Structures are given as C-alpha cells and as structure tokens.
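Q: These are the residues of each chain, in order.
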Amino acid sequence: MPGTDNISNSPEKIYRKRVRKITRNFFLHIHSPRIYPFSMKPGYTFGLGIVLGFLFLIMIFTGVLLMLHYTPSVESAYNSVKDIVHVVPGGRIIRNIHRLASHAMVITVFLHLLRVFYTGSYLGGRYVNWIIGVAMFVVVLFMSFSGYLLPWDQLSYWAVTIGSNIAASARELTDLLGITGILDIGGFFQRLLIGSETVGQTALTRFFMLHVIFLPLTLLVLTAVHLWRIRKEGGLSRPVAISSRETDKLLAWPMLMWVELSIFLSVIALLVLFSFFIEAPLLEPANPSHPENPAKSPWYFLGIQELVSYSAFAGGLLVPVLFLYFLVSIPYKDKEEQYIGVWFSGRRGIKVLLYAILLSVFTVCVQVFVMVRWGWLRNWFPDISQWFVMLVNPATITVMIFAAYSVYIRRKSGSSRMAAISLFTSSMVALIIFTAIGIWFRGANWEFVFR
Amino acid sequence: MERRSFIRRISIALASIAGIFLGASFLKQFAHRHGEQGKRIRVGRLSDFPVDTYTYINDHKIFVYRDHEGIRSVSAVCTHLGCIIQRTDEGFECPCHGSCYSEEGKVVSGPAPTALAWYKMERTPDGKFIVDLDKKTGADEKLYFA
Chain P
1 MPGTDNISNS PEKIYRKRVR KITRNFFLHI HSPRIYPFSM KPGYTFGLGI VLGFLFLIMI
61 FTGVLLMLHY TPSVESAYNS VKDIVHVVPG GRIIRNIHRL ASHAMVITVF LHLLRVFYTG
121 SYLGGRYVNW IIGVAMFVVV LFMSFSGYLL PWDQLSYWAV TIGSNIAASA RELTDLLGIT
181 GILDIGGFFQ RLLIGSETVG QTALTRFFML HVIFLPLTLL VLTAVHLWRI RKEGGLSRPV
241 AISSRETDKL LAWPMLMWVE LSIFLSVIAL LVLFSFFIEA PLLEPANPSH PENPAKSPWY
301 FLGIQELVSY SAFAGGLLVP VLFLYFLVSI PYKDKEEQYI GVWFSGRRGI KVLLYAILLS
361 VFTVCVQVFV MVRWGWLRNW FPDISQWFVM LVNPATITVM IFAAYSVYIR RKSGSSRMAA
421 ISLFTSSMVA LIIFTAIGIW FRGANWEFVF R
Chain D
1 MERRSFIRRI SIALASIAGI FLGASFLKQF AHRHGEQGKR IRVGRLSDFP VDTYTYINDH
61 KIFVYRDHEG IRSVSAVCTH LGCIIQRTDE GFECPCHGSC YSEEGKVVSG PAPTALAWYK
121 MERTPDGKFI VDLDKKTGAD EKLYFA
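Chains as they are written, first to last, in the working numbering: chain P, 1 to 451; chain D, 1 to 146.
Please note: incorrect hints may appear among the correct ones.
One side only, chain P facing chain D, incomplete, derived with CB under 10 Å [what the hints assert, rightly or not]:
hint : residue
1    : 290
2    : 382
3    : 386
Stretch-level coverage of chain D by chain P, calculated; a stretch enters the list once three of its residues show a Cβ under 8 Å from a Cβ in chain P [claimed, not checked]:
hint : region
4    : 10 to 16
5    : 41 to 54
6    : 132 to 141
Some chain P residues flagged as far from chain D (calculated, every beta-carbon gap over 12 Å) [unchecked claim]:
hint : residue
7    : 90
8    : 166
9    : 176
10   : 361
Treat the hints as calculated values from the structure; they're not laboratory data.
Nothing here was measured: the structure is a model prediction, and the numbers come from that model.
By construction, the Cβ of each residue, glycine as well, lies at the ideal position given by its N, Cα and C atoms.
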C-alpha cells in the first residue's frame, strides 16, 4: 500500500506522484499539473468553460444513442423520432436530455463569452483564443440549429424555413440593385445550406450531416486548439498583480479533479432532473403548405428574426456581420492590458456598463414602441423607396446609436477598453431585448402581443 | 531548363488550371438559375375553381382566383423571406413577419420589399388552365372566359 510506505510518503514523492497522475494520463494531460489558485475562484470563471465541455460530451453520448434509432429521410424521420419518444426504452428521456443540453450549451456559451469579455480575458496576447472562442460560439449556435430540422415536424420545418430564408436575405440588396439575375449571393447561401429554394430531402440530408459529423468535428478541433492555447498562454487569465511564482501554484491532482467531477455530476443531475419535467416538443408532421402561425425560428435566433422583420438584408446579414466583426476586432482595438482579469475593469467600467444598459434599453424600447404604435416608414409613406426601408429601421438605427455612443466614450474617457465595454454591453442588451420580444411578444402574423 | 525548375513550372501551371476550374464552378453557384423556376404548369379545369375564391395550388405555391369574368393567378410566396402568405379580407398577409399585401398584391405594410408576382394564364383546347411562371403580368390582367 503506497500510503503505508514511509518513502512514498515523503512530500517530494507525493508531489511527483500527483504531477504524474496528470501528465501520464491521455485525457487528463490537457490540464496543467499545477494551477494558479486564482483560476479556482468560482466567482471568476463560474466554471462555464468546463460546463460547456461536459455538456458537449453529454451531447455526443446522447446524440449517438439517438442516431441508432433515427432515420434521416423525409418519409421516415418523423416516425423514427416518434418511435424514440414512445417505443424505444428510455428514448424519451435521452431525447429530452439531448435537447436540454443543446439549449444549455447555447446559454452557457453566451455566458462564457460575457465572462471572458468582462474580465478582459482577451488581453495579454490572448487574442487568438478569443477569436477561436467567437468561432466556437457560432458553431454551437449552428450545431443546435442544424439539429432543429431533424424531427421533421411543423415546428422544425418552419423554423428552418425561416432560418434558411434569412440566409438568402442578401437578395433584398441584390434585387434593389437589379443584379440578382447575375449575382445571386443570397440564393447561393440558401442553396449551400438547404440545397434548393425550399426545405426538402436535400436540406434534411445536409442538416443531418452537419449535425452529426461536420459541426461536432469542427467544435472538437476548435475545443482542442482552445484548450491548447490556454495552456500555451500560461493558464486562465488573472490580474497582473496576482503572483505568477511557480511555488504559489496548487497541484491539479486531486483538488481540481474533485471540482471537475462535482461540476460534471451536477450537470448530469440537473439535466436528468429537468428531462423528467421538460418535454422536447414534437408537433404534427411537417406540412410545407401550411406555415405555423406564428412561424418562429429557434429561440436563440429570434433576436435576428425580430431584426429581419424590419428588413431582411439589414437584420439578416448587415447587423449580424457587423456584430461578428465587432466581436472579432475587440482584441485588436483594445490593448489596455492593465485591465486583464479584473471584472468590468473596475468602478469606471461598471459606470460605463450601467449607462450602456440604460442607453440600450431606452433605444430599443422607444423604437419598438414607435413601430408597434404608429408603424414604420412603409405605413407613413406607402410609396417610399425600399432603400429607405432597408437602411432606416430599428436594426440599423440601433447600430448607429451604439457605435456613435462608443466613439463618444472613447473620446471622453481616452480608453479603448471603456469604449469596448460600452459597445459590447449595449449590443448584448439589445440582443437580449430583441430575443425576448421575439419569444414572448410576437403572436400570430408577427403581431406584437402584450399579455 | 533545369529539371527542378521544369517540374516547378509544370506544377504551378497544373495547379493554376485546377484553380481556374474550381473557381469558375464556385462562382457559377452565385448565378441565379433561371430555368429552375420558370415553367408552365397545369392547374386544373374551370370546375376546380369556385367563383370569387382564391384557390391555393399547393405544389406550386400560387393562388388562382376566379370571378364571373375570368381567371388569374398570383404567387403565394412572400417576397420578404419566402413564407406562404395567407388570404385575409383586405388582401394577403404573411404569418412569418406580418407583411401585408393589398388585393392587387401591392405591399401595404411590413418588411416585404416587392409586390407579389402575377402570372399569365392560358387555356388548353381540352379546357385545362395553364399558369406560365415565366411570364408575369399586371394585377389587373386576367384570362377572360368569353
């Protein structure tokens, strides 16, 4: 017994043994054998990254089980999902867990993005990992979206029809320019996604392949690079003032392992618990000639759908592309490394954050109120050019106000970090408000409902 | 010419040719496929269309409207994002984003960028009606019975 051996009880021996537990294990050696105590602070990371990793593993495991019974054809898909729910032993719970985990992944990846931004963890040469993280955010959204079509029921069919039509939203611009016949960019993206103009067998095959092979593999590779870069960049981010002496580090074995195990078990326990109460929906089989009313995309795209209801091009392409460009460009514009590892970059950052929240709530709510109460340009001037409808709407006005305010903050504070906090916060709050409107306040025919 | 230099040039030339072909086939994807949509479709006989009613043709996503004088057809696809529009008392409405069209298919409100397309109709000698999806007409044009 190692515990009874005096030689193996010497501190140096125990130390080496614990280091080897990590370094000689294929799966565990993604961890550093010694970690900074700061990285273990729950209030700093909330364990969101590790929760995402575990959710991904649960998705793979339950996904493989579902694949054993699922048939990706228009004729059989619906019935095979029905069989999973009603015939396959435990199939209902496995499907519920899979769906809950996918939604949990979307929420967690969003929260993780917020955590990394507000702690300035893209600073200190970590810009590549930030960009990889943004790419993973997009992949997680599309991984969830691609699974949405597979049940082939009314909900999935019309949600994906809306989603795929958003992909074709560049047509609004090319139609206005009169060049769709020569350069149909919107149509290209739509055909790339669903293989034709309407959702059918080709779309189902493509979504199935995207969902079970391409996107999970992409996410797996990105996760590996993401974790590798964390190691290369000296572990999780931490304030400059925190000691980086090797002697102050903790051994990952066993403490970190206990923490991770407890997170893993908590995640599984919560998913299993909720899977008994929250059913994954399965409506009647898809009927291409009768849209659901309202036809809504998955909840995490309802913010975009709300913007698209103002203008297809502005909401479906222009604003999302600008938003992604902004996310990717953050570490190139802001290099104030003194703020790394400090929540909201201190008191000044909190003040900027609160003003940005107020600005965002005011800007979005006033515009939506005007639109709901009095309509928009087309209602006021029926013969107005489509150019105005496309370029002057709540989506574009919101972007311009936020960008102008961020420039103002940059000039006033002289800090790129404060400008980034302002633009990031106002954008995220607006995204949340537009998504909430799409989820709870849009009824039949996309009318605004307030109950 | 040296052997290495020769192999390098040949490799570059072959790679360039392959690149041109790949690039051309990629760019071709952007071009709108005119032939896909445009076709003549048989929609039925006069008895299939009740008077003063918009009859929805599921396979081709169009409405056929018959009155006492004639018959005409209009696209049932919203010009905003391609949802199937629904008939209302005032005209048409899209359930996806609430675009409203008048009886003539003109955009009244909502994000739809253009009016609905009206298609030319013909009648075959055996009495069946044909909608020509290649030929667009005005909202006031119809195929008169007499």
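Q: Each hint: holds or not?
A: Against the structure, the hints come out as follows:
Hint status for residue 290 of chain P relative to chain D: holds, with the closest Cβ pair at about 7 Å, below 10 Å. The closest approach between the C-beta of residue 382 of chain P and any C-beta of chain D is roughly 7 Å, which is under the 10 Å cut-off, so the hint is satisfied. Hint status for residue 386 of chain P relative to chain D: holds, with the closest Cβ pair at about 5 Å, below 10 Å. Restraint check on the region 10 to 16 of chain D versus chain P: 0 residues with Cβ-Cβ distances below 8 Å, three needed, restraint violated.
Using a Cβ-Cβ cut-off of 8 Å, 0 residues of the region 41 to 54 of chain D lie near chain P, which falls short of the minimum of three, so the contact claim is violated. For the region 132 to 141 of chain D, the stated coverage by chain P is not satisfied: 0 residues place a CB nearer than 8 Å to a CB of that chain, which falls below the threshold of 3. Residue 90 of chain P, annotated as away from the interface, keeps every beta carbon of chain D farther than 12 Å; the closest lies near 37 Å. Its beta-carbon lying about 7 Å from the closest one in chain D, residue 166 of chain P breaks the requirement of being farther than 12 Å from that chain.
With a least beta-carbon separation of about 7 Å from chain D, residue 176 of chain P fails to lie farther than 12 Å from that chain, contradicting its non-interface assignment. Look at residue 361 of chain P: its CB is around 24 Å from the nearest CB on chain D, clear of 12 Å, so calling it non-interface holds up.
Hint compliance for this structure: hints 4, 5, 6, 8 and 9 are not met, and every other hint is.
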